[in-house]
Amino acid sequence: MRRHGALGALLVLGGLALAEPVVAEGDIVRIDGSSTVYPITEAVAEEFQIKYRGKYRVTVGISGTGGGFKKFCRGDTDINDASRPIKESEREACAAGGVRYIELPIAIDALTVVVNPANDWVDCLTMEELRRIWAPEAQGKVVRWNQVRPDWPDRPLTLYGPGVDSGTYDYFTAAVVGREGASRGDYTASEDDNVLVQGVAGDPGALGFFGLAYYEENRGRLRAVPVRNPATGECVEPSVENARSGRYAPLSRPLFLYVNPERLDTGPAVAAFVDMYLDPELIVELVREVGYVPLPEEGYRLARRRVEARVTGTAFHGGAQVGLSVEALLRAETVD
Amino acid sequence: MQALDRSLDRVRAARRRDLLFAALALLLLFVASLVLLGLILDLVLRGAPHLDLDFFTSFPSRRPSRAGILSAWVGTTLVMVVVAAVAIPLGVGAGIYLEEYARRNWLTDIVEINITNLAGVPSIIYGLLALGLFVHGAGFGESIFTAGLTLALLILPIVVVATREALRALPREMREGAFALGADRWQTVAMFLLPAAGPGILTGIIVGLSRAIGETAPVITVGALTFIAFLPPSPVGSEFPWVNFDWLWSPFTVLPIQMFNWVSRPQPAFHDLAAAAGVVLLVMTLAMNALAIYVRYRARRMLG
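Protein sequence lines, in the order shown, are assigned to chains A and B.
At position 256 of the first sequence the residue is numbered 1583 (the working numbering), and the sequence of numbers has no breaks.
At position 28 of the second sequence the residue is numbered 52 (the working numbering), and the sequence of numbers has no breaks.
To be clear, the hints were calculated from the coordinates, so they are not data collected in a lab.
A hint or two may mislead.
What the hints assert, rightly or not - Calculated Cβ distances over 10 Å to all of chain B for the following chain A residues: (1) Ala-1372; (2) Asp-1492; (3) Tyr-1514; (4) Thr-1515; (5) Asn-1521; (6) Val-1567; (7) Thr-1593.
As the list claims (entries may be wrong) - Interface residues of chain B toward chain A, partial, derived using beta-carbon atoms under 8 Å: (8) Gly-247; (9) Arg-289; (10) Pro-290.
The beta carbon of each residue, even a glycine, is placed where N, CA and C say it ideally should be.
Please build the complete structure, drawing on both the sequences and the hints.
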């Protein structure tokens, strides 16, 4: 009984100090989805809550891209954060739930291949070499650096990468191996990219990959490897500028927002939120601040136009697609 | 003489082994506590500079210096109220029934086996069960109430088993004495057994609640959020009847989720915030424990 008394007192205090007026149903924006996209959405939501304090409300979850689509296609949420395009099975689920969607690229994540700073031999990697390292056939076979390129030293090669549930892994395998979700299994996998940073930083023979932000925050402990762009033949460093200009390809991947078009019209909150999200004046700065690569401003303008015209459907026909520039994505034909 | 010498030797050897084992045990204890101490110290050292009033009264933010845990600690507190309100009566009641009332038959055997097995089920399974049962089946939605029920379910086996163990440890004479004085079964349980088993039951409850407060996976599954810049409706109002239960249906987040999110961010400043949130979680758990120890102490004194 005593326990309840004490907790009750705490609640009374908390409740009295922090009560806020209740907001009507159409004035709430429900967002869920990818934890990769979350920092951007959190930043926009924060600004949104400051601007519309007491008027509209935003909630953001991190069920993952797939878990988020489950809710989105049932109509539980208004917007889904996605670190990859919608999949075939999810399109069917949305069709079954009677939910349509507007697909909006909102930022770019440059997948960064990193090595230990003690590694002074790798100056550039080609996609073919990356494939040789990561392909399923390499399992147990490609274990030394000189097996990747003969003039590299005969030193052990250890690999670090995100777990198979992550969108980063999906995209990387699609881009490098050519088949989504196909890779060797004998590498150190972690859902927490900070663990990968630790691993590569402490292992002279290591090679790993993750989002650019994790490299940027650990510049002193890691070295990013330039990757040869197959279209131009030049070795390109992963950086915000190179990803934005499209030179860092094909390991730049777009991040998406999927918006339920009906909710844009049922209440003012969702429309106001999306409008703020695509405001080039604001979003470019926010995306940079949380460590991702903003689209060129033209990208946000095209995205806004897509929202105004209520263009639904996806420019992808299932699976992670590689090497498309964002403008090309936004100009592409969509299918529901 | 020789025989005596030999047996003395054996005794000495046994003593040496004893000493060796004790030393080894002590060493292990020392290592284990040192690791724990190191972890806590690291947490406190990294988190302490962020533990100011603003941290408790701010919502999440992209800027580490502005980010706080207001929605998280309020959510954790409210969810734990629901967990306690559901798991304690249900778990203790079930334990009493199984130990004192239930007849030994195949049905109780099945119930018993299931409860013991449930304690070993991964927590995410409870989340999935709750998603189907509470969120969609019962229509409770992604609310504080659902999260409370889910975590209550998760710790129910712990509470039930602890209650049963505590009751079983009581001497038979206690029950027989009560019956001899003319008490019926319920009077025996309520007036004699429960007070005597109280400390054991309480320990079980605390172990359960401490587990519930740190869970992440099942709460994410039933729809706990990460960014939420408003609080559930206040449980107390200015008009009659002064309490309301709207907060039960409110969206929410909890401390472990906020920590999880901060730990996985690239910026080191967020990792320090996660440490600070960890300290808060630790203090909340310790406070719960302290409260239980105090209650137990009072109960013992009253019995004595």
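Now for the hints, and whether the structure bears them out:
no.: 1; hint: Ala-1372; in the structure: violated, 5 Å
no.: 2; hint: Asp-1492; in the structure: holds, 13 Å
no.: 3; hint: Tyr-1514; in the structure: holds, 19 Å
no.: 4; hint: Thr-1515; in the structure: holds, 17 Å
no.: 5; hint: Asn-1521; in the structure: violated, 7 Å
no.: 6; hint: Val-1567; in the structure: holds, 14 Å
no.: 7; hint: Thr-1593; in the structure: holds, 18 Å
no.: 8; hint: Gly-247; in the structure: holds, 7 Å
no.: 9; hint: Arg-289; in the structure: holds, 7 Å
no.: 10; hint: Pro-290; in the structure: holds, 4 Å
Checked against the numbered hints above, the structure breaks hints 1 and 5 and satisfies the rest.
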